[in-house]
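Line order of the protein sequences matches chains A, B and C.
Take 1 as the starting number for the first sequence in the UniProt record's numbering and just add one per residue.
Take 1 as the starting number for the second sequence in the UniProt record's numbering and just add one per residue.
Take 1 as the starting number for the third sequence in the UniProt record's numbering and just add one per residue.
Don't read these hints as lab results, they were simulated from the structure.
A few of these clues could be false.
To be verified - Subject to a maximum C-alpha distance of 27 Å in a straight line, what follows is the list of computed BS3-like cross-link-like pairs (lysine-lysine):
id, chain 1, residue 1, chain 2, residue 2
1, C, 87, B, 87
2, A, 426, B, 319
3, C, 162, B, 319
4, B, 86, A, 414
5, B, 414, C, 162
6, C, 86, A, 87
7, C, 44, A, 87
8, C, 86, B, 86
9, C, 87, A, 86
10, A, 86, B, 86
11, B, 162, A, 87
12, C, 253, B, 319
13, C, 414, A, 86
14, A, 162, C, 414
15, A, 86, B, 87
16, B, 414, C, 87
17, A, 44, C, 319
18, C, 80, B, 414
19, A, 80, C, 426
20, A, 87, B, 86
21, A, 253, C, 319
22, C, 318, A, 44
23, A, 87, C, 414
24, A, 319, B, 414
25, B, 319, A, 414
26, B, 318, C, 87
27, A, 80, C, 414
28, C, 414, B, 414
29, A, 414, B, 80
Quick caveat, the model's predicted, so the values are computed rather than measured.
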Amino acid sequence: MLTASLKSQLSEGLPEERSEHRQKKVIKMGNCCERAANFFGPQKNTYIRVSLPAVCFVWQIAMVVLFGVFIRYDEESDEKGWNEFKKSHNITSNIENDFYFRYPSFQDVHVMIFVGFGFLMTFLKRYSFGGVGFNFLIAAFGLQWALLMQGWFHALDPVTGKITIGIESLINADFCCAGSLIAYGALLGKVSPVQLMVVTLFGVTLFAVEEYIILDLFHCRDAGGAMVIHTFGGYYGLAISWVLYRPNLNLSKRLNGSVYHSDLFAMIGALFLWMFWPSFNSAITNHGAGQHRTVINTYLALASCVLTTFAISSMSQKKGKLDMVHIQNASLAAGVAMGTAAELMITPYGSIIVGFCCGIISTFGYLYVTPFLEKKLKLQDTCGIHNLHAVPGMLGGFVGAIVAATATEEIYGKEGLIETFDLTGKFENRTMSTQGGYQAAGTCVAIAFGLVGGVCVGFILRFPIWGDPADDFCFDDEAYWELPEDEETIPPVLEYNNHMVNKHHDTHESQFSLEES
Amino acid sequence: MLTASLKSQLSEGLPEERSEHRQKKVIKMGNCCERAANFFGPQKNTYIRVSLPAVCFVWQIAMVVLFGVFIRYDEESDEKGWNEFKKSHNITSNIENDFYFRYPSFQDVHVMIFVGFGFLMTFLKRYSFGGVGFNFLIAAFGLQWALLMQGWFHALDPVTGKITIGIESLINADFCCAGSLIAYGALLGKVSPVQLMVVTLFGVTLFAVEEYIILDLFHCRDAGGAMVIHTFGGYYGLAISWVLYRPNLNLSKRLNGSVYHSDLFAMIGALFLWMFWPSFNSAITNHGAGQHRTVINTYLALASCVLTTFAISSMSQKKGKLDMVHIQNASLAAGVAMGTAAELMITPYGSIIVGFCCGIISTFGYLYVTPFLEKKLKLQDTCGIHNLHAVPGMLGGFVGAIVAATATEEIYGKEGLIETFDLTGKFENRTMSTQGGYQAAGTCVAIAFGLVGGVCVGFILRFPIWGDPADDFCFDDEAYWELPEDEETIPPVLEYNNHMVNKHHDTHESQFSLEES
Amino acid sequence: MLTASLKSQLSEGLPEERSEHRQKKVIKMGNCCERAANFFGPQKNTYIRVSLPAVCFVWQIAMVVLFGVFIRYDEESDEKGWNEFKKSHNITSNIENDFYFRYPSFQDVHVMIFVGFGFLMTFLKRYSFGGVGFNFLIAAFGLQWALLMQGWFHALDPVTGKITIGIESLINADFCCAGSLIAYGALLGKVSPVQLMVVTLFGVTLFAVEEYIILDLFHCRDAGGAMVIHTFGGYYGLAISWVLYRPNLNLSKRLNGSVYHSDLFAMIGALFLWMFWPSFNSAITNHGAGQHRTVINTYLALASCVLTTFAISSMSQKKGKLDMVHIQNASLAAGVAMGTAAELMITPYGSIIVGFCCGIISTFGYLYVTPFLEKKLKLQDTCGIHNLHAVPGMLGGFVGAIVAATATEEIYGKEGLIETFDLTGKFENRTMSTQGGYQAAGTCVAIAFGLVGGVCVGFILRFPIWGDPADDFCFDDEAYWELPEDEETIPPVLEYNNHMVNKHHDTHESQFSLEES
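Using the sequences and the hints given, assemble the complete structure.
Pasting the structure below:
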């Protein structure tokens, strides 16, 4: 009896956190039981020991074979070819090699793909490994597949049957991956790496086709890929996520959020994207004034976007506090929206206006549209790619159409107009308003490819063979990663230090604690 | 009675940390009460829901209008202009566009401004969001305002009344922001974002004026901005901080320090600053040997500085332990101090000597001068910009003066001397010793502008309308950011994992814990 | 008696973690006692307050003197020299300065050295400061010493007795440091900074000699340093670590591992290495097609390597979970292995095959070879440099030998073959198979220098004067860094926030807690 009373006293004496903790434990055990029950019924299993290595090996071996058959160096990277090219084009200096025009931009784009996208997706408290790690995996696969797909559509030599690649091909391959990485943003935490490989395989394939239609058939300009990358990638991801809707995702709610330091990791990604977006948009524009102007326009639009993002973020909260989700994402929307128009003569203030609007639209999207989509359309969009890529991309497509339609010889010069829109060959007589119309049509093609392709791929991903996590096991690196021991179990170093300082005291204390225990 | 005895037993049984924790809680509650009392009297309020959006919107709309009126592409980024420029200058290759000389350096500078300065200021344990986030905000605003201010002073076409911008303007705009970001270093954690916008508005304005005096009227050389950026920015920040002295800042003492991982985030910023400082100093120097030499000099000085910083840091502690504050900051001082002299023929060993001295001076500053300033001059300098920017910048100005004064035709060649110091037009007959004198005078102008401007801006910031935090609410992101839940409340994933493994045991335990709770 | 009973009750009532914690404390105290005992006997002492500053100052002063005697600007960075060079070589544009060919690659290499290597070594839970901080120190020293050593061997003007440096020298100096930083990987956490300075002093010296033999005497091609950097650095580190074997290292076992966020910091380093490896391999290759091709080859090999790394990592674990150690390290092995062959015409699919194999070999190394080395060969290799540098480097050397031996005029063109292998002067008549033989021999030289040099340096490091930590004090920043207070002691901000919201409740609670305590 005394024991009982003591027990109750003791449990009263225990700190609140502990009892809370215990309650949590109980809740979790509830989940465990449920899961144990599921074990013998139909259920999800994150076992990927066969499927992931199989997919990686099969596809990588396919790459070896296909590269062996198709891919060769182009004339600027081939030793013999470049020497001949220099002679035939009467070039005296190696600095004329396309490499020196494109390499700094390429490396910036490369950083955006791997550190930018990768770390932007580390914001979840317990899915940072998955965010940056799977981004790494699918980008590394995607760029190889992209070199082949884009090569077949754009650079296949009809005589030799070979694809020749150079620095511009590498940039385009990185761009092509970006489409699938954007789609990953909507799926973050809810799919297995094997599913992501499938998303990337089809994503890159669809990308190459829509890019062929938009850039080659429609002859649109889209250097920074507002249409072909962001609009397509955004709607592709949203459509997949819509098909893969999880009604019980709130079982993983406790992990669908950030912690202080995970938000800082995400900020690394966000800043590298923001800083290098001028390189992204200018990487494959025309040499000279084209690249130069694209950088200026993107730089200004992004700066302007930051201010309106902060403004709307602050206005949206009762006390005017800022939300890291907006700062990390909405401030990038201007880069997306300038994807098409940045290389055109949109003027500096035009760029600032685009940035101004994007910050507002994108932040509103995070505040109202994403929750609306989830509730009403049953569309779970982990990173809010709807507001960062889909809508700004679409907007960018239409802005590009308007700027193209209003282009005149007066502004560009006769030569400049032809160069900028590449009005040669069969497009020699295209008027600017026609060009504008095609640009707008291109945007619609990108949306259509994204939505239709995404729905199809979504259904493929619903086969129960891909090892995706159960609804109560989402947003959790535990599913696919061997995790290190918890931070809380680090032996308290400082305490240790104190012991070293107060050595004599320790000796006594240690005896005491030895007795006590 | 038994209860009482038990209670005392229980509290004895409780670990020391807990009772400490409780004590802290009580102290904090004391603060709370005090604050609650203040609520009805005169007090600080961090409510910025109206002021921050208002400032952002008004200023950004002003930017749209002013850019519309004034800013145009320059002849190297304008489609028509570049084609005409190539013809008129007989240029055959696009690689001659200034873009290809400057773009890699520009991107490095851009990284320094946003990731370098931003992450260097994440070192505080609970002000990392504010460090990197507000840095982002004010740099994005500052660079737009800088393009206008610097344009009016340096690039206004008297005929058309327009400012034309190119890649060099973007670099200069980034530089101009740096002045205000340095000032932010002294104010970190003690001001509101609205105040920072004011600091930046005036900072950029003052910068453009002092830069006009130093570079145009005095015709000084200062490519890396030892004078115009670092000396000015440093003293500007110190003067503001002096006016905004908070006698009760020790109420926030518990948050004025780092934790293990916040120091690592800061190290990212420090390293990007350190690595890219050669680009910073060389970004706008003369093409060819000028840029080349600047990089070599800065690289050597920085390397040398690291060793003396480690040496002094180790010597200063009883057991020879190193201090992260020194490593993150003092090792950068050489970059600042080489800001003026790096483009001159200071010789490689001259650069190493400058770095050698800077590491010592700056580390001593952190050890003795910053505490002294705080105690005796009532100057609270959160990041120690006195030791990283103000003093090394001033030093750099005088080093530059000496190197300029000792320049000879023998070293530079006749042509080289004219090119390096731009001794054309009305400066054709200036002697090197005169040049040195002007360089020294320029440093004094930078100090004066910083101090006087800072005091004035400081008084503006003392109006009680800016939403700055109370003395016990400094260094706390809680004031301006919606923070994610605490890390300690992450459900322990490993435990969870263990449950999965020992599923059968769990079932029993769970029953037990259900009973118990 | 009641007290005793209560005590036992109390200790029963305490949560398990706590008692575990206490047990740990006791164990640690055991260590303390042991250490206290050692204090009066022979023991390790991490006191470096004299030795570290002494080494830093002496060596840095030596640098000043030696730079003053030997180092000058080269003709492309000297103001007068460049003007004369332009005239004598009939160059009209500054863009022909080597600076514009190399600077973007140089900055990428610089990032790899300081952020790449530095952050890759932050993965340990309590040695992140040491990882990134000591990397910073030794690289900053090493690059100065490298400029001298490499200058003496490669660039000493026999007439003037001076070494002239330019951008390529800076890249080579960074490369030279890389050798010692790789060695640091094997020693991470087990040596003092003073020892690391010794490792670097000898490492750079040995590097310069073996580089002279391999590149100058044997006339090998090794632009990315598979042989001279990675093979040498890897075996150098392994040999030192073997000599410094610590039989009781398991006393520090609790700290020899990562935590969640330290793995993310390491991922920053890994990704920057991965992304910029194309720049590393191409930084000093021939202008034009040479640099261009090297980038393509390295890019493809790295992408391919990622997929096989993920595959093997997943296969190796019972449930198919991925291991961050593999992802961070093995995915980089392809960059190492392409160090020699990347500039040759290895073909795109050849690169992919190399990457394919490297991912497998390196991951297997982490799984089986490192534990085997530790158990059987008594070789403790903290970062697994055996699998990331030593073996892939050796492999890369032999791949390079094969590709060189099979080079033909048909593939390279006559001119191209001469340029690529620099077959001029006394090497004019060397056949390709001879070249291949020398390449293979060069790899063996690198291994020999690494092993023999490492053993010698290892014995030097065993003198008991360097301040290295005791076996139970390894992997602990506590030894050499003033650490900030523990994260767990941050006052709980959210709780604080709750108090602000529920102000009235607080008042009561605070009274209560005042009473209670």
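Checked hints:
1. Between residue 87 of chain C and residue 87 of chain B the alpha-carbon distance is near 24 Å, which keeps this suggested pair within the 27 Å criterion.
2. Proximity of residue 426 of chain A to residue 319 of chain B is assessed by CA-CA distance (about 78 Å); at most 27 Å being required, the pair is judged violated.
3. At most 27 Å may separate the alpha-carbon atoms for a hinted pair to count; residue 162 of chain C and residue 319 of chain B exceed this at roughly 42 Å.
4. Using a Cα cut-off of 27 Å, the hinted pair residue 86 of chain B and residue 414 of chain A holds, with the two alpha carbons roughly 15 Å apart.
5. Taken as a hint, the residue 414 of chain B and residue 162 of chain C pair is honoured in the structure, with Cα atoms around 24 Å apart against an allowance of 27 Å.
6. Between residue 86 of chain C and residue 87 of chain A, the direct Cα distance comes to roughly 23 Å. Compliance with the 27 Å bound is thereby established for this hinted pair.
7. Annotation: proposed proximity of residue 44 of chain C to residue 87 of chain A is violated, straight-line Cα distance about 68 Å (limit 27 Å).
8. Using a Cα cut-off of 27 Å, the hinted pair residue 86 of chain C and residue 86 of chain B holds, with the two alpha carbons roughly 22 Å apart.
9. For the hint pairing residue 87 of chain C with residue 86 of chain A, the CA-to-CA distance comes to about 23 Å; that is within 27 Å, so the pair holds.
10. The straight-line distance between the Cα atoms of residue 86 of chain A and residue 86 of chain B is roughly 22 Å, inside the 27 Å bound, and the hint therefore holds.
11. Among the hinted pairs, residue 162 of chain B with residue 87 of chain A is inconsistent with the structure: their alpha-carbon atoms are about 44 Å apart, more than 27 Å.
12. A C-alpha spacing of about 25 Å is found between residue 253 of chain C and residue 319 of chain B, which places the hinted pair at or below 27 Å, so the restraint holds.
13. With a C-alpha separation of about 15 Å, the suggested pair residue 414 of chain C and residue 86 of chain A falls inside the 27 Å cut-off, and the hint holds.
14. Between residue 162 of chain A and residue 414 of chain C the alpha-carbon distance is near 24 Å, which keeps this suggested pair within the 27 Å criterion.
15. Under the criterion of a C-alpha separation no larger than 27 Å, the hint pairing residue 86 of chain A with residue 87 of chain B is consistent with the structure, at around 23 Å.
16. Between residue 414 of chain B and residue 87 of chain C the alpha-carbon distance is near 14 Å, which keeps this suggested pair within the 27 Å criterion.
17. About 14 Å separates the Cα atoms of residue 44 of chain A and residue 319 of chain C, which keeps this hinted pair within 27 Å; it holds.
18. Of the supplied pair hints, the one linking residue 80 of chain C and residue 414 of chain B holds, its CA atoms being roughly 8 Å apart against a limit of 27 Å.
19. With a C-alpha separation of about 24 Å, the suggested pair residue 80 of chain A and residue 426 of chain C falls inside the 27 Å cut-off, and the hint holds.
20. Pair hint residue 87 of chain A plus residue 86 of chain B holds up; C-alpha atoms about 23 Å apart against a cutoff of 27 Å.
21. For the hint pairing residue 253 of chain A with residue 319 of chain C, the CA-to-CA distance comes to about 25 Å; that is within 27 Å, so the pair holds.
22. Between residue 318 of chain C and residue 44 of chain A the alpha-carbon distance is near 17 Å, which keeps this suggested pair within the 27 Å criterion.
23. Between residue 87 of chain A and residue 414 of chain C the alpha-carbon distance is near 14 Å, which keeps this suggested pair within the 27 Å criterion.
24. For a cut-off of 27 Å, the pair hint linking residue 319 of chain A to residue 414 of chain B is broken: about 64 Å separates their Cα positions.
25. Proximity of residue 319 of chain B to residue 414 of chain A is assessed by CA-CA distance (about 73 Å); at most 27 Å being required, the pair is judged violated.
26. Proposed proximity of residue 318 of chain B and residue 87 of chain C is contradicted: the alpha carbons are some 59 Å apart, above 27 Å.
27. A distance of roughly 8 Å separates the Cα atoms of residue 80 of chain A and residue 414 of chain C; the hinted pair therefore holds under the 27 Å criterion.
28. Restraint check: the Cα-Cα separation between residue 414 of chain C and residue 414 of chain B comes to about 44 Å, which exceeds 27 Å; the hinted pair is violated.
29. For the hint linking residue 414 of chain A to residue 80 of chain B, the alpha-carbon distance of about 8 Å falls within 27 Å, and the restraint holds.
Checked against the numbered hints above, the structure violates hints 2, 3, 7, 11, 24, 25, 26 and 28; every other hint is satisfied.
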